[in-house]
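Same order as they appear, the protein sequences are chains A and B. Quick note: the first sequence uses the numbering used here, first residue -15, plus one each step. Quick note: the second sequence uses the numbering used here, first residue -15, plus one each step.
Bear in mind the hints are in silico, worked out from the structure with no lab data behind them. Take these hints with a grain of salt, some might be off.
Identical copies look the same in the list; a pair holds intra-copy or inter-copy alike.
Unchecked claim - The calculated DSS-like cross-link candidates involving lysine-lysine, where the alpha carbons are at most 30 Å apart (straight line), are:
(1) 232 with 296
(2) 329 with 216
(3) 345 with 191
(4) 257 with 175
(5) 348 with 98
(6) 11 with 371
(7) 232 with 40
(8) 329 with 13
(9) 232 with 335
(10) 296 with 175
(11) 355 with 223
(12) -6 with 51
(13) 296 with 47
Protein chains: 2
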Amino acid sequence: MSNNLPQNLKGFRDFLGPEAEIRDFVKAKLAETFRVYGFQPLETPTLEYAELLLGKYGTEADKLLYKFNDRGEREVALRYDQTVPTARVISHYQNELPRFYRRYQLQNVFRADKPQKGRYREFMQCDIDIFNTKSHLADAEILACFYDALSGLGFNDLEIMVNDRTALVESLTPFATEQVDVFSIIQSVDKLDKQTVSEVAAELEAKGLVPERATAALAALDALQPTANLEKIIDAAQKLGVPVAALKFNPALARGLDYYTGMIFEIRSQSYKNGSLAGGGRYDNLISQLGGPDIPAVGGSIGFDRAVDACKDLGLLSASEKPETYLACIYDEETTPAVLELAAKLRAEGKRVEVYPEPAKLGKQLSYADKNGFTHALIIGPEELGKREYVVKDLVAASEERRAL
Amino acid sequence: MSNNLPQNLKGFRDFLGPEAEIRDFVKAKLAETFRVYGFQPLETPTLEYAELLLGKYGTEADKLLYKFNDRGEREVALRYDQTVPTARVISHYQNELPRFYRRYQLQNVFRADKPQKGRYREFMQCDIDIFNTKSHLADAEILACFYDALSGLGFNDLEIMVNDRTALVESLTPFATEQVDVFSIIQSVDKLDKQTVSEVAAELEAKGLVPERATAALAALDALQPTANLEKIIDAAQKLGVPVAALKFNPALARGLDYYTGMIFEIRSQSYKNGSLAGGGRYDNLISQLGGPDIPAVGGSIGFDRAVDACKDLGLLSASEKPETYLACIYDEETTPAVLELAAKLRAEGKRVEVYPEPAKLGKQLSYADKNGFTHALIIGPEELGKREYVVKDLVAASEERRAL
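One chain only, chain A, in its complex shape (with noise of 0.2 Å):
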């Protein structure tokens, strides 16, 4: 057979039948979720005007657009992110949107970037939101729904780490130098959950700050309290359902992203070590930033590939990724049409039938569905017939059974 076509563009991805199965099934678990916390779906153009995405992610990232001149002569350019199209929808049909909108996007994202492992030019994001309330109840809405959805998904060892950014700002600014900034103090205070404190001070020193001076930020660090508002957030969240347990402030976590206002958040499983499976935090002056309404909000993002990576690491999806499959072998004409009846009657159960397109040899078609993972096999031959029933063949037990048609 021919193989002449060009291969996929690096960077970019087919997903076949198992592994989309794995996805879409992570997917709609996780809409499912969101949709019981009341957040409607989202769907954006794959394609915007490029000035609409064009200097909101800052220098770094324009140069990571996918732009170009449509036939038309438009500068338009591929979907970078969730946020900035949903800026542009909040603007646009403020009078059809509830006042304290609550929306989930999933679709995928665009970015030029060099390719490495898990990093990929076209991805999925999964992010909520809720937008135009400062409330605590809104940030425990999201971190409830979060460990819903993740929970849902069958972790069950679940951590949400949740901080201040703003009280972490302000206890470290006094730390700060015209050399070493807080942000530049917060960046490396971040890595605390995989460095010792040494190793961090370390770092700060190398950066410049004095080693008096080191020492003192991470005890100031460590001296942190939860705020008011976080314990608020906090306690709604366990009210909300959360296990106690399950919540930990951590004066530590930063996010890498300077646009947070208020409370942040990461969530892990703790068997998985490959990083948090999501994160996010309250976000009060970015939509307006973007060009948007001048709204507060609050959300975050589940790591998709992640999660579903996590999923398998974790053999948590081992009942949607093998259903029971059934082929139908083809015996002879004269046994095909009952053999077509009993498909439509396990299909009419709910049951995957595929029907074995041509008469070959039942050792050939039990080999075909040994090949490609069919769990039972279907046999009617004119025995069979006769007597008005079939075999199901167990494949995976290497059992079989009569039934009456």
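Please arrange chain B on chain A, whose structure you already have, making use of the hints.
Only chain B this time, still in chain A's reference frame:
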């Protein structure tokens, strides 16, 4: 609030909550049936090397490709259809795919076409296909699967018209002339579902057939009988569950595209007048023409936007359009914990609950519920809390009842 963000590009759409939810529902229902028929999901990248897509759909189509040079100066293009990427997948993953690969694909495609009513530049395609067999059973599986998928959405007056494209070409070839080739005759004949016989005859004459020839061509068409293979397909489709009355041989059915090589079909709902919901047929030479391996294939597409429109038009989605939605009202700080716990309890039962994020007058919260289409409001005031009960207001029936917390 500000409103200075650019609008959508023409021909591109935002799907807000209710509309996005209907689309997700239709998509999920269709995919569910496809899986029951043994079809596997496939996802291919939004971007491909332009070389893969160019020249595959004809010169006119090449002009509609969204094509550009990426940052690495590779010539790339946005997905134009799902068949060419599938040909690439079949070509590159031959050892991983089942011999009789059957896949469904529901992704957006992009065409730099002139936008007009019902024609968009980004829209979803919904394809199922079975590869590598010429068996009539595969043709029948496609018909039965689409019938089931559309029935599953609620259409109860479906009509499948079938014909044999090869027999049609053969029967009309004797009437072709140098001036009017057989495909031009077929093009006119295809209009017989909307025009009278004499109108079509007049069109054939206008094209250059002498009146006797035009009349004879239409008479030949009228005399056509289903081929033996088409009889077998119809018979098998009935065994697979398609009602006899829903399957109709239509010798004038032609389908626009030239690549069909055998059975062709179209599916309509008799009560929906804006066109067919699905169509397709056998195309044994196309995959190799597209640069893939030389394998036969049969399949079809559901017109996704049209199917969604028809569902709405015929009121088929009322349940999914309007699931019960609860607004949990916030009365004061004392009662809030009980409200949050109630929200968690109802969510655990799968109910959709939004917690109103801020304390506000009850009237304001109820008018928020009303304005945003909530079906129920949940209220716990101090009195209810004392009695360990809550009020559920049914906002549709304008009634209320008290239940134990």
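Right, here's what the structure says about each hint:
1. 232 with 296: within (26 Å within a copy, 47 Å between copies)
2. 329 with 216: between (55 Å within a copy, 20 Å between copies)
3. 345 with 191: For residue 345 and residue 191, the Cα distance exceeds 30 Å both inside one copy (74 Å) and across copies (53 Å).
4. 257 with 175: within (15 Å within a copy, 63 Å between copies)
5. 348 with 98: Close neither inside one copy (46 Å) nor across copies (51 Å); limit 30 Å.
6. 11 with 371: Cα proximity of residue 11 and residue 371: none, with 45 Å in one copy and 41 Å across.
7. 232 with 40: Close neither inside one copy (33 Å) nor across copies (57 Å); limit 30 Å.
8. 329 with 13: Classified as both: same-chain Cα gap 28 Å, cross-chain 19 Å, threshold 30 Å.
9. 232 with 335: Between. Shortest inter-copy distance 28 Å satisfies the 30 Å Cα cut-off; intra-copy 44 Å does not.
10. 296 with 175: Classified as within; 27 Å inside a copy, 53 Å across copies.
11. 355 with 223: between (50 Å within a copy, 28 Å between copies)
12. -6 with 51: both (17 Å within a copy, 17 Å between copies)
13. 296 with 47: The answer is neither: 34 Å in one copy and 43 Å across copies each exceed 30 Å.
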